[in-house]
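With the first letter of the sequence shown counted as 1, position 39 gets the number 39 in this note's numbering; the numbers rise by one all the way through.
Honestly, I wouldn't trust all of these hints.
Stated by the list, open to error - Below 30 Å or equal to it, Euclidean Cα-Cα: the simulated BS3-like pairs (lysine-lysine) are: (1) 319 / 23; (2) 3 / 315; (3) 49 / 23; (4) 287 / 207; (5) 112 / 207.
By construction, these hints were calculated from the structure, which means they are not laboratory data.
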Amino acid sequence: MDKILITGGAGFVGANLAIFLRKEFPGCRIIALDNLSRPGSDLNLNRLKAFSVDFVRGDVRNPEDFVRFEDIDLIIDAAAEPSVLAGIKEGPKELIDINFGGTINCLELARKQNSKFIFLSTNRVFAYPALNDITFIEDENRYEYDPTTPYYQQGINETFTSNGLKSFYGASKLASELLIQEYAYQFNIPAIVNRCGVIAGPWQMGKVDQGFFAWWVAAHYFDIPLNYIGFGGMGKQVRDVLHIEDLCRLIKLQIADGFHLNYEYSNVGGGWKNSISLKELSDLTSKITGKTTMLNSIAETRPVDVRIYYTDNHKIGEKYAWTPTKSIQDTLNDVFYWIQENESIAQKIFLP
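Whenever a hint applies, use it, and build me the whole structure from the sequences.
Below, the structure written as structure tokens:
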């Protein structure tokens, strides 16, 4: 493989992935396409340059921004408006143009250049009313799937329903998945879809509505008040967390040994062992940083909020002999040390 294009290449996932692949495949040219619209993404440009990643400023919504690329062997579509709340207040057109329209432009480039395709999707393609209907138990610090329903004890697998409300974000990603499948079969484009959960690690420009893990650590470090929102405001809702390095390792394996089928999709996440509630995250963050911050309670549950989600990684694990290696504490430590060692940069990202 000689040339890889990563859209969203100056974002958290895109930039870390570009640098990782540049180190793993030193003979391969890595191109990062980004419009730098996300606050803080410009701070990744020096990192990309230091590792000889070619940065191109452009917008996935503009077909003309793809004309310049030639002989692309692999396209990794990591560009997105990733907030699950996006589009609810201001209308969803911009989100759809980025998430769905951008993927169309990526697929057209793949069709014209016979490129392989990796798409970073989301677990938000699953219907959140159905997720919230799963029976659960409540303990002192977290919600958990009811142990009398063993089907979900390992987490949510690929057979879970997408029939129902998903959020504009989830709907746009599922629409992209369906289109990728059609392109894969009609134009013989080898395509892999990774339905990712929460991803975290150094250089995540987290904020309230997206990238909550890094935001939580930064809020403790800089004494920014936090809110437990929804489900009674107790902070017991649960997510699994995947370290960015573990995602990069998986994509390396997929590049080396994937694409045997025209189209495949898998859930990808930290799994039950790397799941944590907000309350538990607050306690662990305070322990590691030695700092506390104000924790407010907002009882009302917002539309699209999910009580519990963690990933069943069996399918992806068996196919690629892959499993997450970084624990929740490892990830939290890495984010904390990054903020501590880059405090002036972190202030620009996290402080108003």
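Here is how each hint holds up against the structure:
no., hint, result
1, 319 / 23, "holds (24 Å)"
2, 3 / 315, "holds (28 Å)"
3, 49 / 23, "holds (13 Å)"
4, 287 / 207, "holds (22 Å)"
5, 112 / 207, "violated (37 Å)"
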